[in-house]
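Going down the list, the protein sequences come from chains D and B.
First residue of the first sequence: 1, per the working numbering; consecutive thereafter.
First residue of the second sequence: 110, per the working numbering; consecutive thereafter.
To be clear, the hints were calculated from the coordinates, so they are not data collected in a lab.
From the three backbone atoms N, C-alpha and C, an ideal C-beta is built for every residue, glycine too.
Among the clues, some could well be false.
Partial selection, computed: residues in chain B whose CB lies under 8 Å from chain D [said to hold, decoys possible]:
#1 152
#2 153
#3 219
#4 220
#5 225
#6 226
Residues from chain B that keep clear of chain D, each with C-beta distances beyond 10 Å, as calculated [claimed, not checked]:
#7 121
#8 135
#9 143
#10 161
#11 162
#12 163
#13 184
#14 189
#15 202
#16 215
The chain contents come next:
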Amino acid sequence: SQQGEEDPQALSIQEGENATMNCSYKTSINNLQWYRQNSGRGLVHLILIRSNEREKHSGRLRVTLDTSKKSSSLLITASRAADTASYFCATDRNYQLIWGAGTKLIIKP
Amino acid sequence: GAVVSQHPSWVICKSGTSVKIECRSLDFQATTMFWYRQFPKQSLMLMATSNEGSKATYEQGVEKDKFLINHASLTLSTLTVTSAHPEDSSFYICSARWTGRVYTDTQYFGPGTRLTVL
Numbered sequence: 001s002q003q004g005e006e007d008p009q010a011l012s013i014q015e016g017e018n019a020t021m022n023c024s025y026k027t028s029i030n031n032l033q034w035y036r037q038n039s040g041r042g043l044v045h046l047i048l049i050r051s052n053e054r055e056k057h058s059g060r061l062r063v064t065l066d067t068s069k070k071s072s073s074l075l076i077t078a079s080r081a082a083d084t085a086s087y088f089c090a091t092d093r094n095y096q097l098i099w100g101a102g103t104k105l106i107i108k109p
Numbered sequence: 110g111a112v113v114s115q116h117p118s119w120v121i122c123k124s125g126t127s128v129k130i131e132c133r134s135l136d137f138q139a140t141t142m143f144w145y146r147q148f149p150k151q152s153l154m155l156m157a158t159s160n161e162g163s164k165a166t167y168e169q170g171v172e173k174d175k176f177l178i179n180h181a182s183l184t185l186s187t188l189t190v191t192s193a194h195p196e197d198s199s200f201y202i203c204s205a206r207w208t209g210r211v212y213t214d215t216q217y218f219g220p221g222t223r224l225t226v227l
């Protein structure tokens, strides 16, 4: 079952710009994870943020988590054409991942 | 890092036949494996949770007699789509949770298997 909602559904920006995607969820969580998926391919784990953390960085990625609002955001800075993919958030509740609908990100060269 | 493989990568079969998909954790032991399906341009839908040595737990709406899951060892889980029909055509993805201390929170995903039923 899906409990996450992501917005926007699709996003197209110029290379070099920053891309922000949001994810909202409904129940309590242990952690929230972001994944990317290239078209027709498997999932790549990007970053995990635990419920007691508010912000986390990994390279050009910055993730925030607001448990009071049950929302998270993923920021990709200085986007590159290779960042074109679908991005999914997944909330972990007792080791079961519940997935958002995903944001399709297109980076125009 | 932890690697999960799936076999086959893609399969095309005739309606009415059964298809088996394997999910292997290559360099770690996975007490729990998960099976997902993904329709085009949609998100992942959890089908079942598979624990080594016990029966799989299926999500609501997933037919256990149609999607047979066997988690025979700590490194192998199989999903068999029985009497496949065109509506079963989908992208099937497995993931495995490492029981090691460091990676307990993370699931490692296989590359997926694309099933097309004619």
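Right, here's what the structure says about each hint:
1. 152: Holds. Min distance 5 Å.
2. 153: holds, 5 Å
3. 219: holds, 6 Å
4. 220: holds, 4 Å
5. 225: violated, 12 Å
6. 226: With a closest approach of 17 Å, the residue 226/B hint is violated.
7. 121: Holds, because the least Cβ-Cβ distance between residue 121/B and chain D comes to about 15 Å, which exceeds 10 Å.
8. 135: Label holds. Min Cβ-Cβ 14 Å, cutoff 10 Å.
9. 143: The claim is violated: residue 143/B sits with its nearest Cβ about 7 Å from chain D, within 10 Å.
10. 161: Since the minimum Cβ distance to chain D is about 14 Å, residue 161/B lies beyond 10 Å and the statement holds.
11. 162: The assertion about residue 162/B holds, with a minimum of 17 Å to chain D.
12. 163: Correct as stated: the minimum Cβ-Cβ distance to chain D is 15 Å, above 10 Å.
13. 184: The assertion about residue 184/B holds, with a minimum of 18 Å to chain D.
14. 189: Holds, because the least Cβ-Cβ distance between residue 189/B and chain D comes to about 21 Å, which exceeds 10 Å.
15. 202: For residue 202/B, whose nearest Cβ neighbour in chain D is about 7 Å away, the distance does not exceed 10 Å, so it is violated.
16. 215: violated, 6 Å
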